[in-house]
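Protein chains: 2
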Amino acid sequence: MHGLMQQRPLSLPHVFHRAEQLFGHKTIVTATADGEQSVTIAEWAQRTRRLATALDTLGVSADGRVGTFCWNTARHLELYLAAPCTGRVLHTLNIRLFPEQLVYIANHAEDEVVFVDRSLLPVLWPLADKFETVRRYVVIDDGADVPIPDDPRVLDYEELLAAAEPYQGRFRVDDENTAAAMCYTSGTTGNPKGVVYSHRSTLLHSLISLIADGAALSERDVMMPVVPMFHANAWGLPYGALLAGSDIVFPGPNMTPQAILGLIQDHKVTVTGGVPTIWMGALPLLDDYDVSSLRTILCGGSAVPRSLSEAYREKIGLPMLHAWGMTETSPIATMSTARSHHAALDESGRADARARQGQPVPLVELRLVDPDTGEEQPWDDVATGEIQAAGPWIAREYYRGEGGGAQFTKDGWLRTGDVASVDRYGFVRLVDRTKDLVKSGGEWISSVELENEIMAHPKVAEAAVIAIPHEKWVERPLACVVVKPGETVTPEEIIEFLTPRVAKWWLPDAVEFIDEVPKTSVGKFSKKTLRDKFAGYQMAGPEE
Amino acid sequence: MHGLMQQRPLSLPHVFHRAEQLFGHKTIVTATADGEQSVTIAEWAQRTRRLATALDTLGVSADGRVGTFCWNTARHLELYLAAPCTGRVLHTLNIRLFPEQLVYIANHAEDEVVFVDRSLLPVLWPLADKFETVRRYVVIDDGADVPIPDDPRVLDYEELLAAAEPYQGRFRVDDENTAAAMCYTSGTTGNPKGVVYSHRSTLLHSLISLIADGAALSERDVMMPVVPMFHANAWGLPYGALLAGSDIVFPGPNMTPQAILGLIQDHKVTVTGGVPTIWMGALPLLDDYDVSSLRTILCGGSAVPRSLSEAYREKIGLPMLHAWGMTETSPIATMSTARSHHAALDESGRADARARQGQPVPLVELRLVDPDTGEEQPWDDVATGEIQAAGPWIAREYYRGEGGGAQFTKDGWLRTGDVASVDRYGFVRLVDRTKDLVKSGGEWISSVELENEIMAHPKVAEAAVIAIPHEKWVERPLACVVVKPGETVTPEEIIEFLTPRVAKWWLPDAVEFIDEVPKTSVGKFSKKTLRDKFAGYQMAGPEE
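Line order of the protein sequences matches chains U and S.
Just so we're aligned: 501 in this note's numbering is position 518 of the first sequence, and the numbers increase by one with no gaps anywhere.
Just so we're aligned: 218 in this note's numbering is position 235 of the second sequence, and the numbers increase by one with no gaps anywhere.
Think of the hints as simulated: they come from the structure by calculation, not from any bench.
It cannot be assumed that every hint is accurate.
One copy or any two copies: either way a pair holds, since identical chains are not told apart in the list.
[What the hints assert, rightly or not] Taking lysine to any residue pairs in the SDA-like style, the calculated list, with each CA pair at most 25 Å apart, reads:
hint : residue 1 : residue 2
1    : 467       : 301
2    : 511       : 149
3    : 298       : 19
4    : 487       : 108
5    : 502       : 291
6    : 422       : 106
7    : 393       : -8
8    : 298       : 39
9    : 487       : 285
10   : 502       : 41
11   : 422       : 276
12   : 113       : 84
13   : 393       : 153
14   : 487       : 333
15   : 507       : 263
16   : 251       : 333
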């Protein structure tokens, strides 16, 4: 027996028309190189309608990929809606990727047009001749003092919009499984892989940013996404804000802590979100700004240091709200919202709870699986395993079947590659990446935990631990350590420091000093580079 | 191009397994005739698993209708999940229906089994022989001192569960459009009509009770649904609480204001919801209880009197949160949550805003249509029209095509039958039911507004205005007035009282005094009964 409910698609036109119809009086502010631009949602919507027509004028195919190479701006948000609402696929290009990765991605996705902020032309334009499918570059003039190429492929965004009639009537995307957007993973191994979001997945994921135990976006909020819009859907915040009717503030190209804090102060931002690096940078400046309007600082992209969250709590009474996910999970999979059973903990216990990655949000399901045996592990906060994820906004495969499905289980769950333990309340605590675990004598050593302990040494700036193949133990840990400027330290001092802190068999067999830990384009430790560097390294290993 | 996201169904097994896995330690309290029963979600889930098996034992068909004739209790919540999670269809029977309607509904839905609270046996059992498809009656013993029929069709709920093994593993409903539940409209004309909810519609509707601008259910809440679970999904609160992980308090059979307020006080209820009558009854007793734990009182089912909401605000600092909808809309369609532009209003202006039915919630779309011309009306707070609704939890037809589709437009929207104006922010203000409007000389007279004005007379207890056919004016209003006990009043006094308050042509042409306004089974004015009573009534009508 079937339900007799309307078959209304879960698609992004709803987000657009809801915002236009109910929240036309709300504002979107964008910080520019030399000031601010403010539009009402009504004005923004009318511009988005023009952009929709312009995509036709540009000859973008019915489901063509529309590349963006942009900062967080109101105009980027126009693209966020105009592309999917007309059936096209928004492809946000990561402005921090290495050139060869950018070229690979634009060609792999077959981007037909790329919208680029003028300030980013120096990064993008040198690659234009390598982009095989891009026929047009539309320059969004953000006032940067950068030459615009004299090339027939180059158009001006404002001229394009001025020449276009606003699209009339309602946008329609009747099949909710239609692709809405795509985003490539910044994988540390192999080529980047494309994740293709559907209208359904994007709309459902956006709704989650409205729930009380999530970001709780409301019409009364002023939301500023610091997380780049070229990261997976900017964590759902822009679409969520349009659904909720929040005012929006976009930081534009100036991502300095001073600029971010200034915007929070000037516009009384209530909800913001960004990676830990941003908030680390802002921490020493907190006293210079009035950020009392803030009620939620969402933080993710990598594990949030407990000390960072606590420093915010101590300074402004507001710890971070930690969320976890990845490009393949849209990205919100868990959030570390306070729970009633945390109320009985002391301040330190609550800080420990907050430092976890949190509990799966509604519609997301997780399980903990031993990557070797495939057996599900108990949620006892002790057993560890790979986190696998299922849900309507979790990827089931990569674009064009890249990766051969290795990252997906037979029953369709995503292997996240993150190793964790989970407590009885479903609170995830990440331990390591599966590929970074050191598998020693049938047991695992968490490279992340070892690194954290080494980095607790007062003379150590950074540390990365990698597995070195070992005849007897299969793998053993090597510590690669960056010493703070002006300090000296010996391998013996490091081992001595670690000895009371970790199990004896976890102690690295060797310590190598390096100038810096190599990083990926998005600032994560590139352990692959380190493994290449230390290929063939020999270590004795413990005796038993 | 299609998205490459997992095809996970939006179905109720997710709600069950999420609650069981993450919130097993939370509690559900049910008030009983002589005390309270408390179970953990883990215990409740295990009982629900037994019930799932028991439905097989009872021989309920794969998609059989499972009737419930119950108060709000933890055991009713077991049925809320066990029936749909095993593919059956939960059919909540309204315990206040007239016997002939109950018989019609149970036969029309083809209920195979009815679960009935022992205290309600005196209402249900006399009808058993008229129920054509019901093979079993399962009595849920709530301690009422009521004889249990000695009949082979009658089983005991607890014995049934004790004999059943808990269902093992995960429930699966792979097609999200599968029927999950049904509920009949309590139409004032014609036979009740069945609305069939799907898993998809129910899950999406439940999510809305979690959003910040809705009931904002959180894990830290204690939620008590006073609205009966036999009303459309109890407004999404029970499923919503399971999704959010709230503690739940069920009022059971004792629905007195004293009992309700006592539960709020004893269990520190934070969110509750019920029809205005409940809160009117509780108002004079508020001083006797500590209800300071409350943060949201959801109110709907009929228009919330501004004075009631204001009385709560003045007494406990908490006005009502008004929501509007109907069985056909699952039911939440709009909510009158405070918006940022209300902040500039004075207290009285904010009270006016709250007294509106509110703004459409995410995923619901409304339009205002002239019922005569079919033309869409502007949202200018002046033009009135019928509210039509679309969205994934809005009905597209009635069960077995009853009503011939008259209540649905050609393009698939629901005609709600409610006449309203809408302001530029999308805030609905109900004016009347389409069928209760008095159509006088090509213009409309709102029977509801006239009634409100008449009821403002200090000697009037109740008033209902109905349309009387008129040769010249098509229809003219007749006022049917109930005078307060011990008072007397003349028709002339009523008209004189109204004269400065309404347009001259709105003045009723006659006033008739009646003993009481006839009511439907759910307590609404039955104007049909009045129209029958005054059939053939003659009135002069105004001269021009």
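Comparing the hints with the structure gives:
no.	hint	verdict
1	467 - 301	neither (30 Å within a copy, 57 Å between copies)
2	511 - 149	neither (49 Å within a copy, 49 Å between copies)
3	298 - 19	neither (29 Å within a copy, 45 Å between copies)
4	487 - 108	neither (53 Å within a copy, 73 Å between copies)
5	502 - 291	within (21 Å within a copy, 62 Å between copies)
6	422 - 106	neither (41 Å within a copy, 68 Å between copies)
7	393 - -8	between (28 Å within a copy, 18 Å between copies)
8	298 - 39	neither (51 Å within a copy, 59 Å between copies)
9	487 - 285	neither (28 Å within a copy, 70 Å between copies)
10	502 - 41	neither (38 Å within a copy, 63 Å between copies)
11	422 - 276	neither (47 Å within a copy, 52 Å between copies)
12	113 - 84	within (11 Å within a copy, 73 Å between copies)
13	393 - 153	between (40 Å within a copy, 17 Å between copies)
14	487 - 333	neither (30 Å within a copy, 66 Å between copies)
15	507 - 263	within (15 Å within a copy, 60 Å between copies)
16	251 - 333	between (27 Å within a copy, 23 Å between copies)
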